[in-house]
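Undergrad: Here is what each chain is made of, one letter per residue.
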Amino acid sequence: QKEVEQNSGPLSVPEGAIASLNCTYSDRGSQSFFWYRQYSGKSPELIMSIYSNGDKEDGRFTAQLNKASQYVSLLIRDSQPSDSATYLCAAFLYNNNDMRFGAGTRLTVKP
Amino acid sequence: EPEVTQTPSHQVTQMGQEVILRCVPISNHLYFYWYRQILGQKVEFLVSFYNNEISEKSEIFDDQFSVERPDGSNFTLKIRSTKLEDSAMYFCASSGQGASYGYTFGSGTRLTVV
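Sequence order for the protein chains is A and B. Just so you know, our numbering puts 109 at position 44 of the first sequence, and the rest follows in order with no gaps. Just so you know, our numbering puts 30 at position 27 of the second sequence, and the rest follows in order with no gaps.
These are calculated hints, taken from the structure and not from any lab test. Owing to the predicted nature of the structure, the values given are computational and were not obtained by experimental measurement. A virtual CB, placed ideally from N, CA and C, is assigned to each residue, including glycine. Treat each hint with caution, since some may be false.
Straight-line Cα separation of at most 25 Å, DSS-like style, residue types lysine-lysine; simulated pairs [as the list claims (entries may be wrong)]:
1. K81(B) x K121(A)
2. K107(A) x K81(B)
3. K86(B) x K45(B)
Have a look at the derived ranges for each label pair, beta carbon to beta carbon [what the hints assert, rightly or not]:
4. G106(A) x D65(B): 22 to 30 Å
5. E122(A) x P73(B): 19 to 27 Å
6. G43(B) x N87(A): 15 to 23 Å
7. I63(B) x G74(A): 43 to 51 Å
8. E70(A) x L42(B): 19 to 27 Å
9. G74(A) x E6(B): 44 to 52 Å
10. K86(B) x R93(A): 32 to 40 Å
11. Y104(B) x N87(A): 17 to 25 Å
12. E122(A) x E71(B): 36 to 44 Å
13. S85(A) x D65(B): 35 to 43 Å
Going by beta-carbon spacing under 7 Å, a handful of chain B positions derived as facing chain A [stated by the list, open to error]:
14. R25
15. F94
16. G105
17. F108
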């Protein structure tokens with residue numbers, strides 16, 4: 066079973082729309098979850114972290130966590146062409162004591 | 004804003020040669036990590052390092068790989084007898100409080116084995 070799973074996409078949304086990115090994880094003991102943005106050829110950049118069930122908002126980004134369903138999501142409101150990137154979901158796996166990444170969802174925001 | 008610095012940005016090496024990838028973590032961070040990303044694939048965990056020793060390593064991190072903190076600032080990844088399939092981006096990361104709090108990545112070293 067894959068530790069962190071994401072829909073690889075590509076996901077395409079028009080400028081100004083809401084982009085919704087989803088992720089599931091296998092280790093029920095995981096406590097910390099992260100969304101990273103990765104532009105082509107660049108390193109991952111942390112954009113959101115979430116530790117508790119519910120929603121966490123930061124500007125145009127909202128992370129949602131449901132530990133019972135082992136599900137994490139990221140919503141990007143008012144999507145901009147500059148948001149076009151691959152979004153990586155990551156979970157701190159309690160059993161491994163390290164962070165593991167999903168394969169990433171490629172998002173394209175069309176002007 | 005503090006940065007994790009990696010050198011070189013691009014390394015080309017012949018198959019069978021040894022390479023050393025270098026990283027300077029954020030100065031007050033205590034936890035260090037190496038990840039790799041083969042082109043078009045996901046970011047894969049290699050090894051974590053704390054208190055001058057390896058704390059966790061993945062199945063990828065076999066005897067071909069080693070890490071070292073030769074001084075108070077540098078953190079290195081050595082790959083012995085490189086193979087074509089070692090070609091990838093190698094990312095160093097550091098954290099002040101451990102992986103459960105997230106960490107900062109360096110800009111990466113692109114390793115090309117020919």
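Undergrad: If you check each hint against the structure, which ones fail?
TA: Violated: hints 1, 5, 7, 9 and 14.
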